[in-house]
Amino acid sequence: MDLECTKITDFSQHPIPKSQMALLHADQDTESVESVSNQIITKIPKTLNGRRSKLIVHLDLNNTVLLSDAITRQGPRKALSSFLTTVTWGRINQEGKWEWLSNVPSLNPPCDGAVSYYSQFGKPLDFMETSDGSLFKKVFTDHLQTVEWKDPQNELLSITDEDGKKYHRILPSFFELIDCLSSQGREFAIILRTFGSDLSRTLKTIQVTLSGQHPQYQHLQMKHLPLRIAPGKIRCNKKNVVLTLGSERISTQSSPRAVYHYFSSLEGIVGFQDHFDWWARNNFSNHGGKPFWIDPSETEIQHIFIDDNIRLNDAESIVHPQVFVEDGAGTRIASTSELYDICLVQTDLLGAIHDRNYFIKCVQQCEENYSNYTAHSH
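Heads up, the final residue of the sequence shown is numbered 381 in the working numbering, and it's a clean run with no missing numbers.
In short, the hints are calculated from the structure, not lab data. Just so you know, even glycine gets a beta-carbon here, dropped at the ideal spot from N, CA and C. Hints should not be assumed to be uniformly reliable.
As the list claims (entries may be wrong) - Capping the alpha-carbon separation at 30 Å, the derived lysine-lysine pairs in DSSO-like fashion look like this:
id: 1; residue 1: Lys140; residue 2: Lys100
id: 2; residue 1: Lys226; residue 2: Lys242
id: 3; residue 1: Lys364; residue 2: Lys226
id: 4; residue 1: Lys100; residue 2: Lys126
id: 5; residue 1: Lys236; residue 2: Lys57
id: 6; residue 1: Lys236; residue 2: Lys207
id: 7; residue 1: Lys168; residue 2: Lys140
id: 8; residue 1: Lys207; residue 2: Lys226
id: 9; residue 1: Lys207; residue 2: Lys57
id: 10; residue 1: Lys207; residue 2: Lys168
id: 11; residue 1: Lys100; residue 2: Lys153
id: 12; residue 1: Lys364; residue 2: Lys140
id: 13; residue 1: Lys153; residue 2: Lys236
id: 14; residue 1: Lys364; residue 2: Lys141
id: 15; residue 1: Lys126; residue 2: Lys168
id: 16; residue 1: Lys126; residue 2: Lys141
id: 17; residue 1: Lys141; residue 2: Lys100
Claimed, not checked - Pairwise CB distance ranges, derived in the manner of DEER restraints:
id: 18; residue 1: Thr75; residue 2: Ser340; range: 16 to 22 Å
id: 19; residue 1: Lys100; residue 2: Glu270; range: 20 to 26 Å
id: 20; residue 1: Gly333; residue 2: Glu190; range: 38 to 44 Å
id: 21; residue 1: Pro218; residue 2: Gly333; range: 46 to 52 Å
With the hints as extra help, turn the sequences into a complete structure.
Following this line, the structure appears as structure tokens:
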């Protein structure tokens, strides 16, 4: 009998278009729900879109699966406030004053001439406390409330913010992703990729969750997912990319495909710290960004990179996508726009917070689009 992923989601606070509904795990008792007036029960088949390819999902940490940042010392409140400056849009009018062009946050400009608040002013200490930020106060408070930690205190599973409240350290949508993929029997790996310093703690939080200590995901201990608790490193220079993890050392100097094949062979969950200094030396453009390889000729495996700093403007994007050419010997640099929502996903942090199905939907969309992409790449 085919395994199905099922989920009940309360959309009374954050309604989501029915066309975007997806279902996750089969571990919830739907019969115990007395009222479904504000609930929607949906199902997706065992295989996402009928595909059985192996999935390698590269995931950023900060503002993707974490609502915090150890380097900038931002807790959930400041991290969310800071993120909102990058997805709210306006312009300087003829009187030289700022005016909003949309009251709805969005990843991309709502119209020509719109610039993000961050592009115009940088990130204020607390955007939500400014008169400009007041327009988005409800969005801010609603999403914070969604990630409040209501279970007994656990320093690895929750984080205490400056307001004294506790919040999920890792967004539940991350655990829903691994729950669903494992329930579907999919072959997959989750590769955490960050420039920051949150990797060790994040891997420990995942370890605690996979051991059954997360009150909402105790069933994950039955999945027996492989986890490498020690993080690795990725270092770049003009000539090659070197990956190290424990005693393992992989370099593109031996073969352009070496790191790609290594990533493709992984199972379970592993984490790598990428090379921030190399990105800085390349003016924070995608040419110095996190290296990422695609091979359209390999239809049995798909790599997907999800990061809030992926941008359609390559000069501002954080991932360096390289596509293997037909003869397999070398690569070409791909623009972000070529692979956008195919292999590269710009995280909608608000979506990842209020929709626990968010990452599953990202993968589902990428799988659909990748089929078309590979068909036209030959």
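**OP:** Check each numbered hint against the structure and report the violated ones by number, ascending.
**Re:** 2, 11, 13, 18, 19 and 20
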